[in-house]
Amino acid sequence: MNALPTGHALRGLLLASSLLIAPSAFAADATKIANDLVAAVEARGHQKASFESASAEGDDVVISNFKITGGRDNTITMPKLVVTAPQDRQPGGFTAARITADGGNGGDKDTVIAWKTAAMENAVVPSPAEITAEAKLTPFESLSVTEVSVAEGGRPPVTIAEIAATMTATAEGAIAGGTLYVGDIVVPKEVIAADEGTGEQLAELGYTDGLTLNVDLAGSYDDASQSLTLSSFSFEGAEMGKVAFSGSFGGLPRANLQDPKKADELAATVTIKDFTLRFDNAGLVERVLDMQGKAMGVTGAQFAEQIAGGLPLMLNFIGNPAFQEKVATAASTFLKAPKSLTITASPAAPVPVLQVVGAAQAAPQTIPDILSVGIDANK
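Residue numbers (this note's numbering): 26 to 404.
What the hints contain is simulated information worked out from the structure, not anything from laboratory work. The C-beta atom is built at its ideal place from N, Cα and C for all residues, glycine as well. Be aware that one or more of the hints could be misleading.
Stated by the list, open to error - With a straight-line Cα cutoff of 30 Å, these simulated DSSO-like cross-link-like pairs (lysine-lysine) come out:
#	residue 1	residue 2
1	LYS57	LYS141
2	LYS267	LYS298
3	LYS351	LYS319
4	LYS286	LYS267
5	LYS364	LYS214
6	LYS105	LYS92
7	LYS287	LYS298
8	LYS361	LYS351
9	LYS73	LYS105
10	LYS161	LYS298
11	LYS214	LYS298
Stated by the list, open to error - Pair by pair, the computed Cβ-Cβ distance ranges are:
#	residue 1	residue 2	range
12	PHE270	GLU221	26 to 32 Å
13	GLY208	GLN380	37 to 43 Å
14	GLN327	GLY399	26 to 32 Å
Work the whole structure out from these sequences, hints included.
So, in structure tokens, the structure goes:
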């Protein structure tokens with residue numbers, strides 16, 4: 026959906042979150058704390074920061090009108106940024122029990138963004154040198170932003186009820202795991218309609234009153250085995266359904282994961298241990314079947330029967346009879362009673378991704394056997 030505020034708007038969100046992920050606070054000198062926040066925001070050279078005043082109020086440092094600017098005209102303003110119980114740390118920066126930045130707003134000439142509350146617990150604000158050196162740090166234990174509003178092009182805003190994140194750390198301070206939840210993303214019909222192709226398709230399916238979406242993510246990293254476990258990555262749409270992915274992957278050195286310059290090296294080492302991809306239907310499949318059936322002059326149920334009956338022939342291109350039968354059986358069951366569809370991979374030993382790529386080029390019909398792929402419906 027190109028017209029959704031995912032370009033300029035998310036850029037604004039990232040500007041705001043850069044404060045909540047890189048900035049936090051220090052102890053007695055309020056001005057020094059504010060200056061350290063500015064230094065943290067500006068460490069990479071992509072953003073500028075400023076503030077109007079800073080004062081100590083008991084255990085809090087209160088900073089007024091903290092601004093982050095990125096690009097030519099993209100500005101985020103936090104009228105009141107409160108840092109609770111800041112403590113000095115070495116080699117620079119500080120920790121804070123809590124940071125709040127309520128009532129923030131900003132954007133650029135095309136996008137307007139605002140939120141009601143924003144809070145970060147047990148924050149770590151590194152020094153600029155640590156930021157540029159990609160030091161092993163866990164910036165916070167929990168982060169919460171509520172009632173986010175993002176408007177673009179004069180259309181009604183996309184709203185997000187809640188953004189919540191957590192992080193856990195290793196003994197050395199590096200990120201060991203985390204969660205992310207983005208709940209009740211409401212996309213107005215005017216925003217959807219602005220993207221002609223997507224808007225027309227959704228309207229044909231009967232989604233004419235906007236969309237309500239949720240995103241959920243949880244994962245962890247183990248240094249000893251250099252493995253990443255994605256416990257859950259799901260995307261859910263009201264009256265549509267939920268797609269969820271989970272899996273375990275090896276051959277992922279932390280240094281290569283953290284350094285964008287070494288990302289290309291991961292392809293040579295990453296392995297697939299297992300994964301599960303599941304779709305739980307909540308109305309989308311019936312709408313698609315009805316739409317396709319209508320185009321052919323039949324009902325959705327009749328169209329599903331036709332597709333199910335033709336699956337054995339249509340799947341011949343796979344070239345793997347045993348796997349074709351699995352797919353045909355599961356797909357036929359799902360089409361006739363669309364509840365859930367689950368695809369799993371559970372090889373006896375981790376499979377290098379390069380092996381899968383090679384098989385895809387030379388003998389794609391062997392991939393289901395290499396990965397021990399299974400498929401089930403309504404289970």
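Results for each hint:
1. LYS57 / LYS141: Given that 30 Å is the threshold and the Cα spacing comes to 27 Å, the pair holds.
2. LYS267 / LYS298: The given pair, whose Cα atoms are some 24 Å apart, holds under the 30 Å limit.
3. LYS351 / LYS319: holds, 29 Å
4. LYS286 / LYS267: violated, 34 Å
5. LYS364 / LYS214: Measuring from Cα to Cα gives roughly 27 Å; hence the hint holds.
6. LYS105 / LYS92: holds, 10 Å
7. LYS287 / LYS298: holds, 22 Å
8. LYS361 / LYS351: holds, 16 Å
9. LYS73 / LYS105: Distance ~18 Å between LYS73 and LYS105 Cα, so the pair holds.
10. LYS161 / LYS298: Given that 30 Å is the threshold and the Cα spacing comes to 26 Å, the pair holds.
11. LYS214 / LYS298: violated, 41 Å
12. PHE270 / GLU221: 26 to 32 Å: Once the Cβ atoms are compared, 30 Å apart, the range 26 to 32 Å for GLU221 and PHE270 holds.
13. GLY208 / GLN380: 37 to 43 Å: holds, 39 Å
14. GLN327 / GLY399: 26 to 32 Å: Since GLN327 and GLY399 have Cβ atoms about 30 Å apart, the given range 26 to 32 Å holds.
Of the numbered hints given earlier, the model fails hints 4 and 11; all others are met.
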